[in-house]
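K.L.:
Given next are the chains, with one letter for each unit.
Protein chains: 2
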Amino acid sequence: MTMIARNFEVQKGTEATISKLPFSNEEYERRLEALRREMRTAGVDVFISFGPENIFYLTGHDTPAYQYVQACVVTMDATPINVIRHIDASNTLYNSWSKLAVGYQDEDEPISAIFALVQQVAKPDATIGLEDEAFFVSPKRYAMLTGLLQGAGYKTTATNPVGTLRLTKSAEEISCIRRAARISEKAMAAAIGAAGEGVNENFIAAEVWRVLVGNGGEFPGLPPFVTSGPRMCLAHATWSGRQLQAGDSLGFEIPGVVNRYVAPIYRCGTIGKPNAGFEKLAEACITSLEVLTASIKPGAVAADIHQVHVDNFSRYKLIVDHRTGYSVGVNYAPDWGEGNELSITRTERRELKPGMVFHLVPGVFIDDRTHITISETVLVTETGCEVITQYPRPLFIV
Amino acid sequence: MTMIARNFEVQKGTEATISKLPFSNEEYERRLEALRREMRTAGVDVFISFGPENIFYLTGHDTPAYQYVQACVVTMDATPINVIRHIDASNTLYNSWSKLAVGYQDEDEPISAIFALVQQVAKPDATIGLEDEAFFVSPKRYAMLTGLLQGAGYKTTATNPVGTLRLTKSAEEISCIRRAARISEKAMAAAIGAAGEGVNENFIAAEVWRVLVGNGGEFPGLPPFVTSGPRMCLAHATWSGRQLQAGDSLGFEIPGVVNRYVAPIYRCGTIGKPNAGFEKLAEACITSLEVLTASIKPGAVAADIHQVHVDNFSRYKLIVDHRTGYSVGVNYAPDWGEGNELSITRTERRELKPGMVFHLVPGVFIDDRTHITISETVLVTETGCEVITQYPRPLFIV
Numbered sequence: 002m003t004m005i006a007r008n009f010e011v012q013k014g015t016e017a018t019i020s021k022l023p024f025s026n027e028e029y030e031r032r033l034e035a036l037r038r039e040m041r042t043a044g045v046d047v048f049i050s051f052g053p054e055n056i057f058y059l060t061g062h063d064t065p066a067y068q069y070v071q072a073c074v075v076t077m078d079a080t081p082i083n084v085i086r087h088i089d090a091s092n093t094l095y096n097s098w099s100k101l102a103v104g105y106q107d108e109d110e111p112i113s114a115i116f117a118l119v120q121q122v123a124k125p126d127a128t129i130g131l132e133d134e135a136f137f138v139s140p141k142r143y144a145m146l147t148g149l150l151q152g153a154g155y156k157t158t159a160t161n162p163v164g165t166l167r168l169t170k171s172a173e174e175i176s177c178i179r180r181a182a183r184i185s186e187k188a189m190a191a192a193i194g195a196a197g198e199g200v201n202e203n204f205i206a207a208e209v210w211r212v213l214v215g216n217g218g219e220f221p222g223l224p225p226f227v228t229s230g231p232r233m234c235l236a237h238a239t240w241s242g243r244q245l246q247a248g249d250s251l252g253f254e255i256p257g258v259v260n261r262y263v264a265p266i267y268r269c270g271t272i273g274k275p276n277a278g279f280e281k282l283a284e285a286c287i288t289s290l291e292v293l294t295a296s297i298k299p300g301a302v303a304a305d306i307h308q309v310h311v312d313n314f315s316r317y318k319l320i321v322d323h324r325t326g327y328s329v330g331v332n333y334a335p336d337w338g339e340g341n342e343l344s345i346t347r348t349e350r351r352e353l354k355p356g357m358v359f360h361l362v363p364g365v366f367i368d369d370r371t372h373i374t375i376s377e378t379v380l381v382t383e384t385g386c387e388v389i390t391q392y393p394r395p396l397f398i399v
Numbered sequence: 002m003t004m005i006a007r008n009f010e011v012q013k014g015t016e017a018t019i020s021k022l023p024f025s026n027e028e029y030e031r032r033l034e035a036l037r038r039e040m041r042t043a044g045v046d047v048f049i050s051f052g053p054e055n056i057f058y059l060t061g062h063d064t065p066a067y068q069y070v071q072a073c074v075v076t077m078d079a080t081p082i083n084v085i086r087h088i089d090a091s092n093t094l095y096n097s098w099s100k101l102a103v104g105y106q107d108e109d110e111p112i113s114a115i116f117a118l119v120q121q122v123a124k125p126d127a128t129i130g131l132e133d134e135a136f137f138v139s140p141k142r143y144a145m146l147t148g149l150l151q152g153a154g155y156k157t158t159a160t161n162p163v164g165t166l167r168l169t170k171s172a173e174e175i176s177c178i179r180r181a182a183r184i185s186e187k188a189m190a191a192a193i194g195a196a197g198e199g200v201n202e203n204f205i206a207a208e209v210w211r212v213l214v215g216n217g218g219e220f221p222g223l224p225p226f227v228t229s230g231p232r233m234c235l236a237h238a239t240w241s242g243r244q245l246q247a248g249d250s251l252g253f254e255i256p257g258v259v260n261r262y263v264a265p266i267y268r269c270g271t272i273g274k275p276n277a278g279f280e281k282l283a284e285a286c287i288t289s290l291e292v293l294t295a296s297i298k299p300g301a302v303a304a305d306i307h308q309v310h311v312d313n314f315s316r317y318k319l320i321v322d323h324r325t326g327y328s329v330g331v332n333y334a335p336d337w338g339e340g341n342e343l344s345i346t347r348t349e350r351r352e353l354k355p356g357m358v359f360h361l362v363p364g365v366f367i368d369d370r371t372h373i374t375i376s377e378t379v380l381v382t383e384t385g386c387e388v389i390t391q392y393p394r395p396l397f398i399v
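The listed protein sequences derive, respectively, from chains D and F. Just so you know, our numbering puts 226 at position 225 of the first sequence, and the rest follows in order with no gaps. Just so you know, our numbering puts 390 at position 389 of the second sequence, and the rest follows in order with no gaps.
Derived from the structure by calculation, the hints contain no laboratory data. Computed from a predicted model, the values in this text were never measured in an experiment. Any given hint could turn out to be false.
Listed next, the in silico EDC-like pairs over lysine to aspartate or glutamate satisfying Cα-Cα at most 16 Å (straight line) [stated by the list, open to error]:
1. F:Lys141 <-> D:Glu134
2. F:Lys141 <-> D:Glu342
3. F:Lys354 <-> F:Glu284
Use the sequences and the hints to build the structure in full.
P.N.:
Next comes the structure, spelled out in structure tokens:
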């Protein structure tokens, strides 16, 4: 039996994990070695990660309750140690790969716990790397920590290596995304099956959740998006109690999640026959998906892929108003994507690599009138592009 | 028809909102006036808020997609202006109280858009107040913005006034929380109704979501928590595909949400008759709820309320291992609470005020064996405490 200590000492979980770990030991070791290569290159002796997606990636620690500061402290030779709110340290000690945690009390300042741990594991002249692009350490606490570290004689440097490592998926990770896609597809079928004149958006969303979760879909970083009629023009709007009416356009974007890996899919449709304008918008999106999936391959530059979509939309007199796609993988609220790490945009010059997974989202907002997106989750293979999500692309009619 | 501009200019939505605003004009004006009083006291001429809960509170702008930086820029005399990712600016322009937005493109640096707006609205010697306790501006971008502002000759000061304003709820806000409680109660009944030997956690969670969302419950900042058996010891664990077994203890924590206001409720139970130990833990929680709700009143010091719970638990030889409760109100992921603004802890010396709403969470983790919490959402009234959530407190047996 493990007890969680009431001070800042490092504790180790000694029993088997309560749930089976989603990834092999080799997978976690590979991730950690890759991070250490980045640390060596950057001259970082001790690295502190704050992002829940990075902490999950490195240690398997998984909780949606990261409103209390979490940190993962990585050195060159020892198992990473998570600094976690006392009660949530249970998720590291009893149910993670690394099983090493420092718990802090609700009344404690978390930064004090992190600082105390660094003093235990770092040599006096060490360089400490800290994620400064993470959300869940506030600017105030980040400044507090760097101030303490510098005051104690450490060098500090801002560095965000884990996000880049996460972009290229292993076979184990791709397997999760494939399973997530099967759940997304089932929930999409349920959404379309539930929709119809007089039906409430809430009922459709309830069906989506029932099927997502009943099939093992985990809590997504963003909700399923269920919109209709005049609400289509509101980006990322979701169920609002509106009753569907004849002639409505409909938009459903659905995130199946397995072992925190997501495979989103977006479909649009209408109640009754679509008008010619909406049908034309759908054709623009579908043909963009076709040219995009034909163009995506290792070595392609993201901005060039974006341009393929821009060129296709221009044939429909449409101007692209948002990114063509974004990386997906581990997801925690408030995002289900990894677009902060890599998005396919006009200015992104990085090349695509085998194992990258993108949610391609060709679509357009037409002022305050409507919106359309038809999407796929796709994998960059050794030779080209594989579409992972499988659902008919044309507008559905209910 | 409003079009969203492709530069950093301020735009105004001119039509009626697409959905009915959840609060009266007077409510929004009251909030803004209260903020301006705080700004005057702090000597702040222009205030920049980054938190989605604060931006919603001040302007009605509501989207779960705040992975792109959002900011609300408040001056002493004009309507607040939101700086928002281009496509999501639709939610301000077409569906908020303030209807003023600057949209930035996916390729733009959001901080450039915020800085450009400040230069338009602030006098050259202005003092700019910025939220440095917000999550959704990274430490890197916060430093970028303060650097630009200081470089342009502005004074900057860190200030976080909106969270404190949110603590005391108006009649309109309390009405939302009451409606949210009714949804939480329905979903709790559904969870208990679905549970039983051989049932999968996923099925129970699917039922919870179906009932929450089907009754108009919005996307909560944290998922409903559905745990069982050996997984009870993992804080904030939720559905995992485990099949319920005879003798299991069960924990369900459920967040009904209306107009972004939450009323959570936590109940525990067993499959078959509970053992004496778990029954005793339940008695400790229930008696703590009784002494807490009898003690809560305007003027009571939070730490003294915490002590009431500590004293009660000590009669059961239990040590309190987390806060007694936390403020609830507007919620966005990754939290459904406002505990960062006010929690009932050993060290919190602030007094309770009429209109405050708390989720009281007496409970305890017993090492890696089990956990229990039995909770209520309560309102501080003019004279005492009103329990808002209504569901039998004793352990349920299925």
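K.L.:
For each hint, tell me whether it holds in the structure or not.
P.N.:
Against the structure, the hints come out as follows:
1. Distance restraint check for Lys141 of chain F and Glu134 of chain D: the Cα-Cα separation of roughly 6 Å lies within the 16 Å cut-off, and the hinted pair is therefore satisfied.
2. Restraint check for Lys141 of chain F and Glu342 of chain D: the C-alpha separation of about 15 Å stays at or below 16 Å, so the hint holds.
3. Straight-line distance between C-alpha atoms of Lys354 of chain F and Glu284 of chain F comes to about 29 Å, which puts the hinted pair past the 16 Å bound.
Checked against the numbered hints listed earlier, the structure breaks hint 3 alone; every other hint is satisfied.
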